[in-house]
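Engineer: In case you want the letters, here they are:
Number of protein chains: 2
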Amino acid sequence: AAMAGYGWARAVRGLLLDVSGVLYDSGADGGVPIAGSAEAVRRIKASGLKLQLCTNETQATREDFVRKLRALGFDVSVSEVTAPAPAACRLLRERGLRPHLLVHHDLIPEFAELDKTNPNCVVLGDAAENFTYANLNEAFRLLIGMEKPVLISLGKGRYYKETDGLKLDVGAYMKALEYACDVQAEVVGKPAKSFFESALAELGVPAEQAIMIGDDIVSDVGGAQQCGMRALQVRTGKYRPSDENHPQVKPDAYVNNLAEAVDIILQQL
Amino acid sequence: AAMAGYGWARAVRGLLLDVSGVLYDSGADGGVPIAGSAEAVRRIKASGLKLQLCTNETQATREDFVRKLRALGFDVSVSEVTAPAPAACRLLRERGLRPHLLVHHDLIPEFAELDKTNPNCVVLGDAAENFTYANLNEAFRLLIGMEKPVLISLGKGRYYKETDGLKLDVGAYMKALEYACDVQAEVVGKPAKSFFESALAELGVPAEQAIMIGDDIVSDVGGAQQCGMRALQVRTGKYRPSDENHPQVKPDAYVNNLAEAVDIILQQL
Numbered sequence: 001a002a003m004a005g006y007g008w009a010r011a012v013r014g015l016l017l018d019v020s021g022v023l024y025d026s027g028a029d030g031g032v033p034i035a036g037s038a039e040a041v042r043r044i045k046a047s048g049l050k051l052q053l054c055t056n057e058t059q060a061t062r063e064d065f066v067r068k069l070r071a072l073g074f075d076v077s078v079s080e081v082t083a084p085a086p087a088a089c090r091l092l093r094e095r096g097l098r099p100h101l102l103v104h105h106d107l108i109p110e111f112a113e114l115d116k117t118n119p120n121c122v123v124l125g126d127a128a129e130n131f132t133y134a135n136l137n138e139a140f141r142l143l144i145g146m147e148k149p150v151l152i153s154l155g156k157g158r159y160y161k162e163t164d165g166l167k168l169d170v171g172a173y174m175k176a177l178e179y180a181c182d183v184q185a186e187v188v189g190k191p192a193k194s195f196f197e198s199a200l201a202e203l204g205v206p207a208e209q210a211i212m213i214g215d216d217i218v219s220d221v222g223g224a225q226q227c228g229m230r231a232l233q234v235r236t237g238k239y240r241p242s243d244e245n246h247p248q249v250k251p252d253a254y255v256n257n258l259a260e261a262v263d264i265i266l267q268q269l
Numbered sequence: 001a002a003m004a005g006y007g008w009a010r011a012v013r014g015l016l017l018d019v020s021g022v023l024y025d026s027g028a029d030g031g032v033p034i035a036g037s038a039e040a041v042r043r044i045k046a047s048g049l050k051l052q053l054c055t056n057e058t059q060a061t062r063e064d065f066v067r068k069l070r071a072l073g074f075d076v077s078v079s080e081v082t083a084p085a086p087a088a089c090r091l092l093r094e095r096g097l098r099p100h101l102l103v104h105h106d107l108i109p110e111f112a113e114l115d116k117t118n119p120n121c122v123v124l125g126d127a128a129e130n131f132t133y134a135n136l137n138e139a140f141r142l143l144i145g146m147e148k149p150v151l152i153s154l155g156k157g158r159y160y161k162e163t164d165g166l167k168l169d170v171g172a173y174m175k176a177l178e179y180a181c182d183v184q185a186e187v188v189g190k191p192a193k194s195f196f197e198s199a200l201a202e203l204g205v206p207a208e209q210a211i212m213i214g215d216d217i218v219s220d221v222g223g224a225q226q227c228g229m230r231a232l233q234v235r236t237g238k239y240r241p242s243d244e245n246h247p248q249v250k251p252d253a254y255v256n257n258l259a260e261a262v263d264i265i266l267q268q269l
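Respectively, the protein sequence lines represent chains A and B.
Residue 230 in full-length UniProt numbering sits at position 230 of the first sequence, and the numbers go up by one each step.
Residue 24 in full-length UniProt numbering sits at position 24 of the second sequence, and the numbers go up by one each step.
Hint data in this document are derived by calculation from the structure and do not stem from the laboratory.
Among the clues, some could well be false.
All copies of an identical chain are treated as equivalent in the list; a pair is satisfied when it fits inside any one copy or across any two copies.
[Unchecked claim] Here are the simulated SDA-like cross-link-like pairs (lysine to any residue), alpha carbons at most 25 Å apart as the crow flies:
#	residue 1	residue 2
1	K161	V183
2	K148	D164
3	K167	E63
4	K167	N120
5	K161	H100
6	K68	G96
7	K167	N135
8	K193	R95
9	K161	P149
10	K161	N135
11	K193	E94
12	K167	E129
13	K161	G36
14	K167	A71
Work out the full structure: start from the sequences and follow the hints.
Structural biologist: Set out below in structure tokens:
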């Protein structure tokens, strides 16, 4: 029987999980798992619910990212990860675009197959320490020199939380280039609708039967709801109490962490 | 007698001049004068017109800036320079603000008198190579940790031209922090009305009798016109032909360079 107040947890067949701030807090040390999350992933799989990780992570290839998560105790595989770089590669190929990459060094292998000579677009990821003045200026000069500047941003997050504190995310640098070049970036990754639709296709469950669980009120919760999914905000990762007064976005429910969300959802099965 | 088409040049008693892109093109090598500009400054002074430099330069103290301009052949003095850092110091003092500075190393002496312990605002200048990821992240963390974040930006230019090409200006980084922290920066410098009003007060001429001459269609031309001045765009510095189709701003006239502007204005005296 449905428990009072948990109507949002009914009729679920699959879950999309954000990773950083939900499964673990990232950091230079490799990061630390969030208490109960590794066990929660195991319980989801044991329950028969489908699961897909839906991440804007662009500091590593999917292979390296999964290796790191497995080392932290998470039972996940590469096919269970939807990430912006492979989606961007599909888009670049479809449109015959040759990217100049301003991304984290460890992401570069994802673009190995693409022609990068004489670039006709800029691809921006969470480059972190690679966001030097010289590198941002190089991307700026390429863009402003194009007849029709094309800027593709892998996500548009404002910041994320690492073990040693908050870090500026790719969205801040996207805004810098948008302003300097008077262009609008195309976002590949959350909260873009096409990205959530890819994740749902890989999950194999329609939007009405899926729940997104994330720590970002705009990219995770708002984006998923725009696609017809339910969405929960966890009070871990970059969650801040002021998120609960967001003027545009209201999650279907707040949960203290992934483990609590899974407790409630499994009780409703 | 007024020459046909030069009505904009009548009844002038003083000129405000932008510096980078009008007097000289800046660069790591100290920059190079724009042909005819040093002679034009001399002719303005000889004519009895008043002159004030109105610059968003924030890579040096006014003293060092004037020393550089004099070495390039410009007959100018410190009292003839209106620049953002002294204006920001006045504002910080009036409001009891203790700044964290993200500015060019050579600008720091302008803030020597201010208390910078336990900062309650961030002051952003054209920090150039100081715009590392670590430095921008430090400013971000301070801002997002404030109960009421205060971000003061010394100008909001998109880019400027140096001898080796276009360079990202402070406005791009202002937009990055505005987005990351969900705040609106307070701009000290062009195109802020209060900044032009300070420059006019130092010029000692009312807006209706002054002409602003600059290479930036928005900061120079648009800002000056908002204050009731006439404004010319020179076709030097960062000028681009597409500026002539700007959707919001139309200068009172275009001139090829400062020398041509001064030719026309002196003929109308």
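Engineer: All hints are to be evaluated individually against the structure, with a verdict given for each.
Structural biologist: Comparing the hints with the structure gives:
no. : hint         : result
1   : K161 to V183 : between (28 Å within a copy, 19 Å between copies)
2   : K148 to D164 : between (40 Å within a copy, 23 Å between copies)
3   : K167 to E63  : within (23 Å within a copy, 37 Å between copies)
4   : K167 to N120 : between (29 Å within a copy, 20 Å between copies)
5   : K161 to H100 : between (27 Å within a copy, 22 Å between copies)
6   : K68 to G96   : neither (33 Å within a copy, 48 Å between copies)
7   : K167 to N135 : both (18 Å within a copy, 11 Å between copies)
8   : K193 to R95  : within (19 Å within a copy, 45 Å between copies)
9   : K161 to P149 : between (31 Å within a copy, 19 Å between copies)
10  : K161 to N135 : both (24 Å within a copy, 17 Å between copies)
11  : K193 to E94  : within (18 Å within a copy, 48 Å between copies)
12  : K167 to E129 : both (11 Å within a copy, 20 Å between copies)
13  : K161 to G36  : within (18 Å within a copy, 54 Å between copies)
14  : K167 to A71  : within (23 Å within a copy, 43 Å between copies)
Comparing the model with each earlier hint shows a violation of hint 6 alone; every other hint is respected.
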